[in-house]
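So the chains spell out like this:
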Amino acid sequence: MNSYEFLKQFADIENHLYLLDPAFDKKQGFSNFLKNLKANNLVSSEMLQSLSVLWQTRNKIVASASEESVEEIVSEKLKIVKQNLNI
Amino acid sequence: MSINNPFDRASIPPQQEEVLSPDELRERLRDPSYLPTHEDFSLAFKSEKLYPPEWHDFCFNEENPIFEFLNEEHLRAFGDYLSQRAEELGASEDSPITILEVGAGNGRLTYFLQQKLEAKLPGKVKVIATDSGEWGLKNFFPVETIGHKEALEKYKPKIVVFSWMPYGADFTKDFRAAECVDEYILIGETDAGCCGHEWLTWGYSWFFDDDKLGGKIVPPYIADGFERKELEDVSTHQICRTDLPGLCCHSKTTSFKRKK
Numbered sequence: 016m017n018s019y020e021f022l023k024q025f026a027d028i029e030n031h032l033y034l035l036d037p038a039f040d041k042k043q044g045f046s047n048f049l050k051n052l053k054a055n056n057l058v059s060s061e062m063l064q065s066l067s068v069l070w071q072t073r074n075k076i077v078a079s080a081s082e083e084s085v086e087e088i089v090s091e092k093l094k095i096v097k098q099n100l101n102i
Numbered sequence: 049m050s051i052n053n054p055f056d057r058a059s060i061p062p063q064q065e066e067v068l069s070p071d072e073l074r075e076r077l078r079d080p081s082y083l084p085t086h087e088d089f090s091l092a093f094k095s096e097k098l099y100p101p102e103w104h105d106f107c108f109n110e111e112n113p114i115f116e117f118l119n120e121e122h123l124r125a126f127g128d129y130l131s132q133r134a135e136e137l138g139a140s141e142d143s144p145i146t147i148l149e150v151g152a153g154n155g156r157l158t159y160f161l162q163q164k165l166e167a168k169l170p171g172k173v174k175v176i177a178t179d180s181g182e183w184g185l186k187n188f189f190p191v192e193t194i195g196h197k198e199a200l201e202k203y204k205p206k207i208v209v210f211s212w213m214p215y216g217a218d219f220t221k222d223f224r225a226a227e228c229v230d231e232y233i234l235i236g237e238t239d240a241g242c243c244g245h246e247w248l249t250w251g252y253s254w255f256f257d258d259d260k261l262g263g264k265i266v267p268p269y270i271a272d273g274f275e276r277k278e279l280e281d282v283s284t285h286q287i288c289r290t291d292l293p294g295l296c297c298h299s300k301t302t303s304f305k306r307k308k
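Taken in sequence, the protein lines are chains U and Y. Each residue of the first sequence is one higher than the one before, counting from 16 in the working numbering. Each residue of the second sequence is one higher than the one before, counting from 49 in the working numbering.
Hints are computed from structural coordinates only; laboratory data are not their basis. Among the hints, erroneous ones may be present.
One side only, chain U facing chain Y, incomplete, derived with CB under 10 Å [as the list claims (entries may be wrong)]:
id: 1; residue: 37
id: 2; residue: 45
id: 3; residue: 47
The model shown is predicted, which means the values in this text are computed figures rather than measured ones. Heads up, the beta-carbon is just placed ideally off N, CA and C, and yes, glycines get one too.
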């Protein structure tokens, strides 16, 4: 999976997750949103763990000056998260 | 949708004398000396898709990667803030203050900031672009190749600016340790985003519940006598590579000011 495909699919997840708590101010950022999901038990701990891994991968890609390829194990996690969220 | 999301403004009629197609406009946006407006951005990347491929290709260009999409509105607001701070710090023509940009990359931010500040406070502020050169980025404007510690020692800046500090790295300890530095300003994603180190830079931790800790664990910037404040009037104009239609506001401008 290339970085465009990963970021496109991650954007779907990010957009979808914000719907779980529409009152959350997106300006606080997605990392604070994840913390908010954790504090309010809005998703399972397994899902949080997967989201954390995907978020770190997304950060590495976004912070890079060059194209990054995504490891197979992370691509698989992305697929499972999307399935579990019915995206 | 928020009025501050520039992706929402695609319906604004073009104000330019010359009407360009989106392809032509994107080509113009590749000119480093051209400072685009939000309107240019909206017209160039208008799309129904959540993550337009044109936007990805534009930002992830290997020769000239775009992290922060510098724009007229952001630079004007940032220039206003810095000119106000420069006056508070006693800037004068006889004794101009120095603003040091670290990690300046191709030098565009310093170039446009100097223009804005020169227009507001002629001769009172000097902005200097520096970069370690480790990323091998192409310079379009003057950038001195020098490490950040040497640059702090050489220029003794009152204010330091760092746009998109590398993920997982932290330079802020050195900014705070420099006695000359009254304030440092970080541009980019905050907390556990893709800029800097979540704890060392931002004092953020996924594991700590701030309310339950009751202040027992103190973020490094607080321990070093600095206070953090988001510059909302500046941040509201930012556009960065992770901003998408409906998912704006990833990048912010955050001040860390030394407490008196």
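Going down the list of hints, with the structure as the test:
{"no.": "1", "hint": "37", "result": "13 Å, violated"}
{"no.": "2", "hint": "45", "result": "7 Å, holds"}
{"no.": "3", "hint": "47", "result": "6 Å, holds"}
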